[in-house]
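**Q** Let's have the full structure, built from the sequences with the hints guiding it.
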Amino acid sequence: MLARKLSTVLASLIALVLAAPIMVVAGVSVNAKKSLTFPPQGFSLSWYAEVFTDPGWRDALIASLVVATLSAALAVLIAFPLAWFLWRWRAPWARAFEVLGMTPFILPPVITALGFLSFWAAVGEYGAPWTVVVSHAVFFVTLPLVTLSLGFGAVDRSYVEAAATMGADDRTVLRTVVMPLVRPYVISGFAFAFVLSLNEYIVAYMVVGFTLETLPIKIFNALRYGYTPTMAAVTVLFVSLTALVFGLIAWFGDLPRLLGAWAKSD
Amino acid sequence: MIRRAPRTLAEHSPILFPALMLVVFFVIPFSLMIAVSVFRRVPGGFYEPDFVFSNYERFLTTFFGGVMSFSLGLAALVAAMSVGIAFPFTYRLVRLPRVNQIRWLVFLLSILSLSEVIIGFAWSTLLSRTAGITNLFVALGLMSEPMALSPSFGALLAGLVYQAFPYTVLVLYPSLARFDPNLVEAARTLGASPLKSFLTVVVPGQRNTIVATTIMVFVFALGSYLLPQLLGKPQHWTLSVLITDQAIYQANMPFAAAMAVFLVLVSLALVGLALLAGRKEEAA
Chain A
1 MLARKLSTVL ASLIALVLAA PIMVVAGVSV NAKKSLTFPP QGFSLSWYAE
51 VFTDPGWRDA LIASLVVATL SAALAVLIAF PLAWFLWRWR APWARAFEVL
101 GMTPFILPPV ITALGFLSFW AAVGEYGAPW TVVVSHAVFF VTLPLVTLSL
151 GFGAVDRSYV EAAATMGADD RTVLRTVVMP LVRPYVISGF AFAFVLSLNE
201 YIVAYMVVGF TLETLPIKIF NALRYGYTPT MAAVTVLFVS LTALVFGLIA
251 WFGDLPRLLG AWAKSD
Chain B
267 MIRRAPRTLA EHSPILFPAL MLVVFFVIPF SLMIAVSVFR RVPGGFYEPD
317 FVFSNYERFL TTFFGGVMSF SLGLAALVAA MSVGIAFPFT YRLVRLPRVN
367 QIRWLVFLLS ILSLSEVIIG FAWSTLLSRT AGITNLFVAL GLMSEPMALS
417 PSFGALLAGL VYQAFPYTVL VLYPSLARFD PNLVEAARTL GASPLKSFLT
467 VVVPGQRNTI VATTIMVFVF ALGSYLLPQL LGKPQHWTLS VLITDQAIYQ
517 ANMPFAAAMA VFLVLVSLAL VGLALLAGRK EEAA
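Order-wise, the sequence lines are chains A and B.
Per this note's numbering, the very first residue in the first sequence carries number 1; after that it's consecutive.
Per this note's numbering, the very first residue in the second sequence carries number 267; after that it's consecutive.
Read the hints as simulated data drawn from the structure, not as lab findings.
Some clues are possibly wrong.
[What the hints assert, rightly or not] In silico BS3-like links for lysine-lysine, alpha-carbon gap of 30 Å or less:
1) LYS462(B) / LYS34(A)
2) LYS462(B) / LYS218(A)
3) LYS218(A) / LYS34(A)
4) LYS5(A) / LYS499(B)
5) LYS33(A) / LYS218(A)
**A** Dropping the structure here:
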């Protein structure tokens, strides 16, 4: 009983420490005056309004959302055929591409960033805004690849068997049987890649740092000129958006399963 | 559906696009970076194809040696602290009711995917003089006046552990979720206290998981490039910061690439070790 109470206390303490920086930032973001004080003096939501009215912040927000949407979509387009191929055919050599897809996510991000920098500079596209979309898609392809591998792994092959027996070809099976079963995994793979792209700094900075300001780049650049409540407001918006996306994944999908918690007998 | 090796071009075609994308946009950039590391730098921020090892020779300087050992030491400290806190935490987490477990996972995932910029900003605000935690201590009468706690080594360490903790929990989560609770039950039935059964049954049973996770978190911490700039002093800069600095501000791509190649080798060797430790677990 004592042990249970103790671990509850410890868990609450961890929750508090994890939440503390965000809470202070949230407090700072509602300061009435342009100063970073906590507890906040006065109450004002004008800094939140500034994120949408100030052209600099608004452009950065839009740039981030566009980059994240496109690169997450491209990541899924790369991961889906690969995961499907590995599931459909017996081709051990193709595992090499799966490993390739996992590598950028495991290595320190600065390495991938530097690789992209050398590459885009060598092909003469350094700084072109679309290059960050391709870079993020390849950098985050791991996430849809993992969720889709889980998704295909969960498809009961006897359904496919049944469809094939009744005369469905590969394409029909994929469209009518497999696709509906793996759709939640496609969506969660997209969502994971989307959120991480939204928050990614180093690859974006090295690839398009001087031509396109995504929100993390904008925040970092702004930090050099001192801290303002607007940054705090942006941070709160970003944290909320991130939590919302994961909340949706948890609502529509099986989050513990996606994160690898399933019994061996499953 | 017969699962056999693909034969025709049509059967191979789905993998063409992913394979092409990964080769063109990952293998080639990666190889290019290795090539650049032996190129010769020319004044003005450019480099010429060459085959020199002078970029690697700079590793032998005491400055580089200092940065390197600081980076490795810091990553090791962060990994040890994160696993130390996260292991008992995750052990409890997997036993929570499903709804609570999902709430925690959403919370942890949200923190994990936060930009380093945001984590750095949030922590430097929390540790600042005007808005920081010390104001709370003053209000409680524990301190006489607020003070800035950042930048400092402690601030950097706190930020890094904060960033690594959710990652550690999520790496530990699958194997702890699959850990057979009956083993603990048996120990408890035989009279072991909860703490004793945790220390003598769970921890030894998960030894390889702990080793593998520690290595993964070590590599993760090695990759941090912004927190040392935002929460630490210049002497707390890590290898990742130095690489960014050389590539962008000093315009010395060959040296940055050489350091990156070194970092890749260290990371790959460690990840290989982690996989090996993880495999032993599977076999056991």
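**Q** Each hint: holds or not?
**A** Taking the hints in turn, this is what the structure says about them:
Only pairs whose Cα atoms come within 30 Å are accepted, and LYS462(B) paired with LYS34(A) is rejected, the gap being roughly 54 Å. Note on LYS462(B) and LYS218(A): the hinted pairing is violated, with a Cα-Cα distance of about 51 Å set against a maximum of 30 Å. Of the pairs offered as hints, the one joining LYS218(A) and LYS34(A) holds, with about 19 Å between alpha carbons and a cut-off of 30 Å not exceeded. As the CA atoms of LYS5(A) and LYS499(B) are separated by approximately 40 Å, the hinted pair breaks the 30 Å bound.
For the suggested pair LYS33(A) and LYS218(A), the alpha carbons sit about 22 Å apart, so the restraint of at most 30 Å is met.
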